[in-house]
Each structure stands twice: as structure tokens, then as C-alpha cells.
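6 protein chains.
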Amino acid sequence: MANKLKLGIPKGSLQDATIALFQRAGWEIYASGRSYFPTINDGDIECMLVRAQEMARYVEHGALDAGLTGNDWVLENLSDVERVTSLTYSKQSRQKVKWVLAVPEDSPFQKPEDLAGKIIATELVEFTKRYFAEKNIPVKVEFSWGATEVKPPMLADAIVEVTETGSSLRANRLRIIETLMESETQLIANKTAWQNDWKREKIQNISLMLNGAMAAQTQVGLMLNVKNESLKDVLAVLPALNSPTISHLSNSEWVAVNTILDESTVREVIPKLKAAGGTGIVEYPLSKVVL
Amino acid sequence: MANKLKLGIPKGSLQDATIALFQRAGWEIYASGRSYFPTINDGDIECMLVRAQEMARYVEHGALDAGLTGNDWVLENLSDVERVTSLTYSKQSRQKVKWVLAVPEDSPFQKPEDLAGKIIATELVEFTKRYFAEKNIPVKVEFSWGATEVKPPMLADAIVEVTETGSSLRANRLRIIETLMESETQLIANKTAWQNDWKREKIQNISLMLNGAMAAQTQVGLMLNVKNESLKDVLAVLPALNSPTISHLSNSEWVAVNTILDESTVREVIPKLKAAGGTGIVEYPLSKVVL
Amino acid sequence: MANKLKLGIPKGSLQDATIALFQRAGWEIYASGRSYFPTINDGDIECMLVRAQEMARYVEHGALDAGLTGNDWVLENLSDVERVTSLTYSKQSRQKVKWVLAVPEDSPFQKPEDLAGKIIATELVEFTKRYFAEKNIPVKVEFSWGATEVKPPMLADAIVEVTETGSSLRANRLRIIETLMESETQLIANKTAWQNDWKREKIQNISLMLNGAMAAQTQVGLMLNVKNESLKDVLAVLPALNSPTISHLSNSEWVAVNTILDESTVREVIPKLKAAGGTGIVEYPLSKVVL
Amino acid sequence: MANKLKLGIPKGSLQDATIALFQRAGWEIYASGRSYFPTINDGDIECMLVRAQEMARYVEHGALDAGLTGNDWVLENLSDVERVTSLTYSKQSRQKVKWVLAVPEDSPFQKPEDLAGKIIATELVEFTKRYFAEKNIPVKVEFSWGATEVKPPMLADAIVEVTETGSSLRANRLRIIETLMESETQLIANKTAWQNDWKREKIQNISLMLNGAMAAQTQVGLMLNVKNESLKDVLAVLPALNSPTISHLSNSEWVAVNTILDESTVREVIPKLKAAGGTGIVEYPLSKVVL
Amino acid sequence: MANKLKLGIPKGSLQDATIALFQRAGWEIYASGRSYFPTINDGDIECMLVRAQEMARYVEHGALDAGLTGNDWVLENLSDVERVTSLTYSKQSRQKVKWVLAVPEDSPFQKPEDLAGKIIATELVEFTKRYFAEKNIPVKVEFSWGATEVKPPMLADAIVEVTETGSSLRANRLRIIETLMESETQLIANKTAWQNDWKREKIQNISLMLNGAMAAQTQVGLMLNVKNESLKDVLAVLPALNSPTISHLSNSEWVAVNTILDESTVREVIPKLKAAGGTGIVEYPLSKVVL
Amino acid sequence: MANKLKLGIPKGSLQDATIALFQRAGWEIYASGRSYFPTINDGDIECMLVRAQEMARYVEHGALDAGLTGNDWVLENLSDVERVTSLTYSKQSRQKVKWVLAVPEDSPFQKPEDLAGKIIATELVEFTKRYFAEKNIPVKVEFSWGATEVKPPMLADAIVEVTETGSSLRANRLRIIETLMESETQLIANKTAWQNDWKREKIQNISLMLNGAMAAQTQVGLMLNVKNESLKDVLAVLPALNSPTISHLSNSEWVAVNTILDESTVREVIPKLKAAGGTGIVEYPLSKVVL
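One line per chain: the protein sequences are A, B, C, D, E and F, in this order. If you're matching positions, the first sequence starts at 1 in the UniProt record's numbering and goes up one per residue. If you're matching positions, the second sequence starts at 1 in the UniProt record's numbering and goes up one per residue. If you're matching positions, the third sequence starts at 1 in the UniProt record's numbering and goes up one per residue. If you're matching positions, the fourth sequence starts at 1 in the UniProt record's numbering and goes up one per residue. If you're matching positions, the fifth sequence starts at 1 in the UniProt record's numbering and goes up one per residue. If you're matching positions, the sixth sequence starts at 1 in the UniProt record's numbering and goes up one per residue.
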């Protein structure tokens, strides 16, 4: 039988962002509303939609060869898997998320130790238990089926909850007293599959292309023309990281400069390039960047 | 301080149906998108949105005086609460739901005993463990974060899952081999609150009005005129359950008949009433029925 | 085998209005987006969604026992079916539709005869051909796949098209020169099925309830109290059609009047009733009216 | 020429609520998205959509015979019009709105006098100027094109703004220091039109029906049966306002009671009626109530 | 009068895809909801929305100079038109569609001959009649107004229906027994218009740009830098089809490679390019490709 | 304290277009539905949403350092501000808008003088008053709260109203008799802020980037290869405005041409380039163009 890579796609809040990332990387995944087995335009891969919370469990057992899930859920399950690459994206942004210990704004709690004997609600029960056990703080950890941030003070004394910006915590008048973990999306692989040459290379190629597509989202291409005499000034403006490509033009007084920039720096770089003698400055979008 | 009844409204799939039921019963509950504390136009009541899965836990502990949740989750938590009334409604219909043991259509499993040593995925972990323990069948019960019906056979051998019509199970090519429990929505109360006269009466009035509003959804009013000589024939057509009200008219040859009927029988009763001599037959909608 | 009535529901523009009418009449029809066989909560009936244009063809041949379609399509197909009842409702209103012959506003055509030798586009090809053949006017009738009103003058010389208010014709700068037919929805039955007692009675009951539900949409109930001395004045205000029910009250100086009215007349009747001595005037909605 | 009543319908926030109120009162107004001249199913009336702010101006001048607008805008324009009836409804609720003077929460201003020499932003410029002039407080009143509540403290020192619940003011951290006016919707008429018998009677009938439809929204019908011996107890429970109708039944031991109640009291009345011996208690909806 | 090209745009399922294709090709077509004469930002062209089924008829007669429609409808009408270019796109994909002969899964029919004497429902009546006539198989072909795939076995014995993936046929439990035709979108022209130099050149330019825009949807640009010594290895990886452009850089040890690739191959090519010594690999999107 | 630029974003019809333009220019502005203080990913800038009508007033007074608004509202307020750059975009298009004097189609008014003594409704009261005062034409100018074009002839004799295409005026049967002003969006600055070096440079950089992003929307990049012998013919086809960049290829018989073109000319240029010997013609999108 032909080789097949069984790949888990996270169902739920990461699903659309993950499918969009694969599309930019070169794979069309089509998840119809009803099926948990999305189609993918690559005969080598079989996809399955799996909750991020359960992904590491199934990759560890080998039901899946590889999958994408948050680092948080790998830790919650203490799963023994190969961590191939980190891909810092989430539902809304391209930042890591944090799991924090939060208490009501007007409560007296200032540090984890103050919660001895109290009830802590969280979706991340095992991780939270280990955290407090390591510190020898006796607490009661209760599983929360969601809406965790609304529970204190009526239904719990404190919570361990995920946050990107802290705005939902603030809206519920909660105060962070400790950050327990930072987490980001990871491509993980089953350890046996990782020993298989075909599967490992396939997973590595997926990793390369996902990273190439992610890099392209924050980078842009920039082309400009400059007289030889101003080239040095122009190059001084450009970030040193990626050396620009300089090509000869037919008119030998001029050269063309082509480079890659962080999109976030463009609004400062272009005015400086113009001041340094650049002309015909053009920014163009990129689909993939592999340096 | 004035008396207050702390009332839990089930968040999620039952939420809209519950709020609509309260509205028909006479209470406006307004749940804004962001708050977990809906307002209610009754100064005696404080509402809180709580997941059905956690409702019984909080009613038992007294964080809430009363709440609505499924019988299934009361059993899952083995919560010690007062069961005030059953209200057979769900997200989609007015039928009880069933929790069933289901296996892949083409699997060899025919009865619970065949699953000895296998993995069973479910949201109802404790109930399922007790069920198999009572039968002395050793199984591994794994918590499922949703999409349970898609897990067999790759990720589990069997599932315990809730179903109204069985259509989702059939769509996933699963076969039911046992019904473990039937469940319906219940109004439950904290046992201490139930001893308090003011709270108990308030809860009982809520129960009376919710039942009155539910009854009105399946019943209609029917008025018709009939000559004295045909009255017997007309009454013979009407269901015996609720005796109709017969009033004298100014024209002494005629009487007016006013009654309440199951809406589902009207399409058969009206043609018969007409044949029996009824005239001016009018059906009108009801908002509450308390017999 | 048990008796079954095969009933055709018109797919398309009449579908929602038809299903809503059946609901008000006492039958829940559930048409999922994908299936052409809607479920109905009556074990005696099997539904099928069929285009109104093809309904009469299939009822005539007996593939269906009964169905709802426009009179226009019965005539187009010259189908030999039993016409059980007319139900004047359409997608938007409760008026009959008209099939008209329309020409460009600024064309010279004034009467059907002026179109001799011209091209006429229509969805109703056979009916149109017969119409002109009977008048001995030679024309070329072309089948139009929709958007007929936009075809003149580029793609046709005149059209035969359906209209409720004429607004679409006016918007396309067309002028009506003749009305060929008025049409409304009809419940039709297969002639053999009509001979079967069980099927005929079932169809007649459906007809009774559909008419009862339609009548209720334009009628309301009205109750008021009046002193004996003013009764005559009050009754003079009420339309003579349906005699009101007058009942004795405990207070023998007063009587209660209960009647049914066209909703469209209420805004004129209530002020007059009040002027005539009526008090406690209450209007209430009706679900069915069978006089 | 036939008589015609030119009626102004408020465009904007009150539009949908007004059209819905007319529909319940017996008039279908159809406002297509593009036209400012809605159709109405009454040959005696011509409708025009006009901003509430400008309504009184046009009714006063006679361009319209009658119209609906808020009392606030009548006062802003000091329009000389006939005030026919008040209709307490607004976009969201059935409460009066208030125009208040509000300042930043943490500002030193405590009373109107503290604002001498300051800038006040408002949509109600003339009314506000008169208010401060009467108190001899010199202020600068600036017209605000909306979003008034966001202007302090950057763009204004205080505002005069409309509010139903105060929530938008609180969300913008503003503090109310004075209520300048309460306002509700009014049906107003041109004074000359009011002298015309036909127009006045038409306007009065509209007023009667609008009030009848509004009353029906907060009232319900209640029917029950009761034995003669319990009738007194049952009547004691019912509010004294509207005397119930009591009718004889064929079975002379029982009477039927039919009454009208405030919907908001039903949830308290029904349990008491049941305790007092009422049976077969049925609540039904009303469409109009004219006492 | 100035030259004008009368161009037919297919109304209905192809409409949005066609307008989007023209936009990518450089023409903005704006079809307001109500008009059948979309505006286009090209003074040389007049557009008209016409059903795909009728397009070939009107192009043949000269009411339109050119238009887009499926090959299927050209054949159905046996229209005598100039076929300018094929453009393989459809509502959902970029594949050809098939017209197939399908029968109920559990019917005995295995080949066209088995349908002698049977009823065949289809939208493509004339083509289907010719097909069976050529094979000397006598069948009754009935025009179907849509929903053809639901007709067997109740309303027809077999169907001739269009399909992209066969999924709708399978969902209705139909089995394909023959493919009668493959079809794709075509740009067709009136034969007289094609003789006119101005019109032919205009149509050819439209054809060039539509093809250029379609090509760009499946192709991407790729730039990379490589040392002279690795250039041969890098070139070996690139598909031979389009020769890449190699330009000198200022640093004479390096060259820049710029090429065009099928998007579907990129996910395999980039890892190989990297392995072969490519660096600074950048993929960028293309809007048009004309080789 | 660090430098901060207070920047006004126009709320309402220009808001989405403005935020989109800033995004293309390199700034992410996030306006949540409820707040009037959008966040921006630039620590140097503080944004505030302000109505276009009030923008110039607040920039003049210094509550804002800079802002975007229409030239019309600068003139209405006679605001004394620095006009930094014009940015011709509006809600729907990239054209200037016009303020025109319009009268009913069938009115006798032909020129402004004909309106002496008449009522003119407009949102631009001060500008209109000045316009007529300069011409010594006495008119009554009334403020209109919107829907101005529907007022004549019932509620006003003429209007001064903004229009892009005139279609709304035509739909209301109005005739333009004079254009009073053309207007486009402008970036304006407070005169004191403009004297501050840091603020002026920040504003100028914003201006440069907004213009660069706008230019990119109507321009595209074009690359092609050509043999040396055809280069002259190819260059003759290209517009003279921006001189193309010509680079040497490894194969010395060929050169690569890279240029920037107006998107609207591409559909005519590409066919000519191909005819002139261009090959491998590729169009690619641009994000910014600074020449």
C-alpha cells in the first residue's frame, strides 16, 4: 500500500486559521460542514479534524502521524511526542497566548500561596494540579466547561485561564497574579512515524512550507532604482538582516535594488529611502519567504 | 435585606429555548452577548447563566437556589438536589433525549459485554463508568471534548452519546446497541432553599407558570355554536379530558361551546364537528393553560 | 398495506407560503435543504416537492394523488385533473396573478392582431400558441428560460408574462395590451384517486382545513359588552354576514357580544361600536375559521 | 377632489416601531427602501417619511396635516401644533426618554450654574439655549452631529443628551447632573386641519386605534371557570380596574369569568386564582383593547 | 456611429464567476440587482445578461456579437457560431462538466439500449433526442424544469443530467451508465461579426486577456539567488516548460533567477531548490500571465 | 512626556474607506463597535473618530493635530487649517463629489436668480448662505437633517446637495441648475502643530504613505523579456511617463523589462506588447508606489 501521512487539523477556534495557513503554504483543505474528514489536494495526506485538547493524545498513540495543537494541551496531557516546529499564530493574532492565574480585582489574594484551601476553576485541570502540587499549595481544582472567567467570586475563588490581551479578564474584573505558561501552536509528530524516512521528510516539507507562508505574511518585497552615487546611502537605510539583491541596468549610471522587509518597518523605511535618493520605489506582496 | 432567589439559566444549546419559555411564562430575561448575569423583570430573582453540565453542582452547593438542567447532568454529578418539576423541551423539540451506547455499524459488537477491554469515548464519564462497573464489564472510559460520534473506529471503539432522533449517529455509520438513560430538562432546587417558605413558594410559582406556558404551546381554544338538538353529537366528538364550557345564548335554540384541545387533534376534530352540526367554528391561540 | 395519500408540494416561489399554510392548517411539513421528500407529521400522507410547472402532469398520470399548483400550469398542460378548491395566495400576496401580453412602451403594437409574424417569448408556450391559433394570428412563440420581461425589443417583439402588480413590467418599459388569463393556486386531485372514498375524504379534509386557516388570516374575533338598551345600535354597526353570538351575563342589564370580522374593517367598526355604546371592546386573533 | 389626510411617519430610529404600531392598529404601511412616500392601505391617507427632528416644523406649516414625533422636537422648534395624544413608545422600549445635562464623571461640575462660560454640545440647540438663558447662565451651545456622549472632555465640557437607561452615558464615564425634560412620542396635528371636521374625525379615529393597539400589547385575556360558592374569592384576586364579565353556564353550579389583565401581573394572579378555586384557567392574547 | 461590441454575459450560476474573471482581465462589470444591462468600463462594449441556455441562439441570430456560454448549450441549439476560445471554469471549480445518463442504483438498466420505451427527463431535450435517435433507441424524452436528479424512479425512468463531481447523483442514489458529453465554457462569436476587422480584433483581445487572467490564477512568480556554481543544480529542479530569466548581480559570484511556476508544484519545488543551493527564495502572486 | 500626534478619523460614510487606506499604507487601526477611540499600531499616534462635518472645527481649535475630512466641510466652517494633501477617495469611488443646486424637474427655475424669495434645504447651511449673499439673491436657507433630495416640492423649493453620479437626484426627479463646489477628502493639520518639527514630519510621512498606497491601487507591475532587436518596438508601446527598468540577462541576446503601468491601460498594452515581440509577459500586483 502507498504511503499516507495521517494529519490532525485542530477543530474549533484554530480551524479556520489553520486551513488558511495550509492554503497559503500550497495545500487546499476543504472541510465541509458535516464531515470530520476534510479533503486535501495531496494524495500523500489524510486529514482528520480533532479538537486541539485531544490532538496530542491521538498523535502520541499513533492514531495520527502528526498534528497541530497548542503547546498547552501537549503539557496538559504530558504527551510523549516529537515537537517539529512552533508556529506562532492563533485565532486572532500572531502572538503567543498565556495561561494565567487570576482572582477577583477586589479580593485579597496577591500570590499563589494565598489560595491555599480555595477552589480553582480551569479547563487545564492536570497542568494546574501539578503546578500547585510542585509548590506544595493545597487547592481544589475543578474542571470548567467554559465561561471560566465569569465564575469568580460566586462559583470559584480563582481561575487558571488562557488570554491573549487580558481584555476579557479585565471586563470580568479579574486581576492576574501569576503567569503559569506561555503557549503557541506546534506541529507535533508521533515518535514512531518520525523514525520513518518517508514520513519524516513529508512532515519536514510541510514544516518548511508552513513557515515560508507564515514569514510571507509579515514581509514584503521592495524594489527601487538608485544612482550609483547614492547606493551607499540607500543601503544604509535598509535593515542589515537580509542582504538586498543589486542588479545592473542598461543605463550604467543606475542600479536596481530588490529586497525583503518586515511590513511593519515599511512606513518608516520608505520616507528614508526617498530622502537617500531612491526613486521608483515599489512595494509588492509576497506569498512565501524561505531564506 | 430583601429576599432574592438565585436562579441558574442553562447557557448554550438550551439557552434560547429557556429564555423563550420564561417569556411565555411571564418573565422577560435579557441576556446581552457579553454578560453572564442576565437581567430579569422581577425584583425577587437574580439570574446567572451557567453551563447545563455544571448547574447541578452549583445548585447542590447553594451558590444557586434553583436552576434548569438536564436530568443527565444531575445523574452525572450524583447531585443531591430537590427535583421540582420536569419540563420536556430541548433545543429542537419537545421530546426526551436518550443517552445511548453506539458502535460502528460494521463492528462485531452486539451488547455492552462485548466491549470488555475497549475504549469508550463520552462526555458523561462518571455515569458511564458507574454503568459498566455495575455490570462488571472492565472498559476504559475517555473524556471527549465534543464531536464524539466521529471518533469510532479510529479514535475509540464505542461511544456513549446523546441523541434525539438518531440521525447524527446514522450519518456517522454508528449502530445503537443499548439505551442507558432517558433525560429531560428539570427545574431543580437547593435542599436548604427548599426549606425556606418564601423561596419554596417562589420556585413553585415559577414551576406553575412554566408548566402553564408549556401546556399552551400544544393546546388551542375552540369555540363554536350549536343547536340544542345537536349538542350531544357535538360533545361526542370532543375529547373527554377537559369538559367544555357551555353557555346560553340569547337565542334559546342555540348554545355556545368553548373548549381546549390538543393542537395535534384539531385537524381531525374540526371536520367531525362540522359534520355533527357545529357552526361558526373558531380556533384561537392560547398563551397559558392551567387546568 | 395502509392507505397513503401522495401529495405534491410546489417547489420554488410558492414553497414557503405553502408550507406555512399547511402549518397553520395543522400539518408540520419539514423540507430539509437537500431532500425532495419533506417529512410531514401525518402518517397518512407522503409529500414530494415538485415544480409547479410539472405538478399537473404528475397528478394527471397518478404519480401523485393530489397537489397544489397554479391554474395557469393546469391549463398549459391541458391536464385532466379534479379541481378540488381554489386557494388565492401567492408568494407575496393574497391576490390572483395575471398572464398578460406586453409590448415595448414605445412600440406601435396596440392589440394582439398587430403581432402577426412577430416573435413572442414566454414560459407558457402551449397556452400562448393556442391563444393565438384561436384568433388566427400567425406568430412565432419561443420558450423563455426566465427574465422574459427584459427581452423586448432586442431579443423578442412581445412577451406573455405573469404579473401581480405590473411593477416589473413598468420597470422594463413594457405596456400591457391584453390580459390572457387570471390564475390562482389550486388543490388538484387525480381522477382515479378521487373515486377512492378514503382518499377523497382525506383530500376534502385537507381542503377544509386549508380554507379554515386561510380565512383566519383575514378575520379577527371581537368581544364587547353592551347594555340591553344599546344592543340594537351595536348590532346595526356589525356586518350582517356572520350573526354575532349574544350571551347573558350575571348582571342582567348587560349582554356580551362575540363576533367575527374582516380584519380590514376593524379600524372603521371599533370607533362606531364605541359611539353606539359598546364597552370593553377587545379584538383577539384567530387561528382557524370554519363557518 | 376627495379628502386626503397627509400624515408624517418619523424616519429613522422610530420608523420600524411606528410602522409596526400602525400595522397592529389596522393599517399596512409599506416603506420600500428607496422611496420616502410609503404606501398605505387606506385611500384617505397619504404618508410621507420625515425626520422626527423636522416633523413639527412641517405639521405647523401645513405641509402635513398630522404626524408622529417626540415631544422634545416639538419643544425644540416651539411649534404651534395641536397635540392629539401621547403614545409612550420608543425604539427599544415603552418608556419615556429623558434629556439630561451630563458632565465627565471626574469633573468638578455639580450643577448647571457650574458650567458658566463652558462649551455644551447637543443636538437640541435651541431648547438648551433657552434653558440656560432662563437661568441666566452664560454658556456656549454647539450643535453636535451625533456621538455627543463621546465629546467630553476633549471636545466639549458638558452635553445635553437623550437617554433611556443611562447606560450609554455610564459607558462613556459621564455623570448626570440635571434632567431638563422628559419626552415621549406624540401624534400632533396642524391647527387648521384640526378645524376641518373630516380631518379631525379621521385623526381621532387613528388616535383611538393606535391607543387600542398599544393597550393590547401590555394586556391579556383571561378565562376561567369557578363554582358559584368560590366566585367571591376569585373576584377578590382580580384587579378592580376592569370589571370582569361573568356568564352563566348550562351547569348552573358554575359560572365562567372572562377578564382583561395587565400581562405583567399574570404571573402573580394565576397562582392566586388557582388557590381561590379557579379551574380551566386560560390566558389568550389580544390584538386591541378599547375600554 | 462609433463601433460597439454587443457582449452576452451568462446570467445565473456562471454570472459571478464570469464577472470576477473579467475583473481580473481588466474590465469592471457592474450588474445591479435589477437591471439586465450591466455597465462596463469600456466604451467599446455593451453588455447584456442572458441565460446560458439561450446565449448561442442570440449570438447566432446576431442580437449579440459575442457571448460566453457552455459548449453543451451550443450543441443543444445546434447553433452556427464561431468558437473563439475555451475557458475551463465553472461555478465551483476549474474543471469540465459532464452530461451523463443516470438510472436508479437498484434498477436493472446497464446500458442505453436497456432504456428502449422508457421516459427520460432532462433539461437538454434536443441533444438527448438526437443521441438516442442516432443509436436507434426509441425513448420518450421529457423536459425537466430542474431538480431532475430526484425524479427517478417515481417521475421518470432515467435522466440525462450535468454533474461536476457526481456527488448529487450519488446522494439521490443514481448510477451513471454513460457519459454523453463533456462541456466547458466558451467564448463564441457571431459569424458576421467575426468578419468585421474591428469586432474580431476586439474579441481576440478579450480572449487574450481572459486567458491571461485565467493562467495567472494557477501560476506564481518565484525569485531566488544562487551562487554561480550551484546554478546548474537549481535549474535542474525547475520545470523545463518556461525558461527562467537569469540576471547578473553586482556581486559577480551570484545570479538572480526569476521564473513562473504552476502553483500546485511549488510545495514540492521549494524544498528541492533549497537543497540545491537556492537562497532568498521568494514566491509572489501574479495577476496575468501571457507567454 | 513623549510626543503624540492626535489624529482625527472621519466617522460614518468615509470611516471604512479611511481605515482600509491606512491599512494599505502600513497602519492598523482597530475601531471596535463601541469606542470612539480606535487603537492604532503606532505609539506616536492617538486616534479619535469624529464626524467629517465637525473635523475641521476641532483641528482648527487644536483638540486634534490633524485629521481627514472633505474640503466641503472645511469651507462650511471657514476653518483656518493647513491643507496637507488631497486624497481623492470617497465611500464608493475615487472621484470628487459635487455640491449642486437642484430643483424639481418640472419647476420653472433655470438659474440661481430664479430662486429669490424661496426656501432652500441643505446640510451645508453657511456655505449656501454665503453663496447666495455674494450674488445678492435673497433666499431662506433651512437646515436639513438628511433625505434632502426628497423634500422638493412639498417641503422646500430647491436644495443644495452632494452627489457623485447624480443618480439619486434623477431618481427623485430633480434637475441640477448649478454646481456650487467640487470636494474631495483632505488631510488637514492644525497650524500650530504644523510649526512643530516632529509633528510636521510625522504628518508628512503619513501623507507620503497614504499617497503611496493610493497610487498602488491603480497601478500594476509588468515584467517581460524581449530580444535586443525588438526592444525599441516594445518601449514604444509603453507609456512615456515612468521610464522602465531594463536589465541584462545571462543570455545576452535578451533583456528583461520591468515597469509600472496604470491598471486601466493594461488590457490595451499587453496585446500590443505581444505583437511587438514581448514574451513571458507577467503582471503582478503592487502595494505601494512612490515615484
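Please keep in mind that the hints were generated in silico from the structure rather than gathered at the bench. Among the clues, some could well be false.
Identical copies look the same in the list; a pair holds intra-copy or inter-copy alike.
Claimed, not checked - With a cut-off of at most 27 Å between alpha-carbon atoms, the simulated DSS-like pairs for lysine-lysine come out as follows:
no. : residue 1 : residue 2
1   : Lys6      : Lys274
2   : Lys135    : Lys4
3   : Lys191    : Lys272
4   : Lys96     : Lys111
5   : Lys118    : Lys272
6   : Lys140    : Lys6
7   : Lys140    : Lys98
8   : Lys227    : Lys118
9   : Lys140    : Lys129
10  : Lys135    : Lys96
11  : Lys96     : Lys129
12  : Lys274    : Lys98
Now for the hints, and whether the structure bears them out:
For the homomeric pair Lys6 and Lys274, the shortest alpha-carbon distance between copies (26 Å) is at most 27 Å, but the shortest distance inside one copy (51 Å) is not. For a Cα distance limit of 27 Å, the shortest separation of Lys135 from Lys4 qualifies neither inside one copy, at 45 Å, nor across copies, at 40 Å. Within a single copy, Lys191 and Lys272 get their C-alpha atoms only as close as 50 Å, which misses the 27 Å cut-off; across copies the closest is 25 Å, which meets it. Taking the closest pair of Cα atoms, Lys96 and Lys111 come within 27 Å of each other only inside a single copy of the chain (23 Å); across copies the shortest separation is 47 Å, beyond that limit.
For a Cα distance limit of 27 Å, the shortest separation of Lys118 from Lys272 qualifies neither inside one copy, at 58 Å, nor across copies, at 45 Å. Taking the shortest alpha-carbon separations for Lys140 and Lys6, only the inter-copy value of 24 Å comes in at or below 27 Å, while the best intra-copy value is 38 Å. In the homo-oligomer, the alpha carbons of Lys140 and Lys98 lie at most 27 Å apart inside one protomer (22 Å), although the nearest pairing across protomers, at 32 Å, exceeds that limit. In the homo-oligomer, the alpha carbons of Lys227 and Lys118 never lie at most 27 Å apart, since the shortest distance is 71 Å inside one protomer and 59 Å across protomers.
In the homo-oligomer, the alpha carbons of Lys140 and Lys129 lie at most 27 Å apart both inside one protomer (8 Å) and across protomers (22 Å), since each shortest distance falls under that limit. In this homomeric assembly, Lys135 and Lys96 come within 27 Å of each other (Cα to Cα) only inside a single copy, at 25 Å, whereas the closest approach across copies is 47 Å. For a Cα distance limit of 27 Å, the shortest separation of Lys96 from Lys129 inside one copy, 23 Å, qualifies, whereas the shortest one across copies, 37 Å, does not. In this assembly of identical chains, the alpha carbons of Lys274 and Lys98 never lie at most 27 Å apart, being 41 Å within a copy and 35 Å across copies at closest.
In summary, the numbered hints that this structure violates are 2, 5, 8 and 12.
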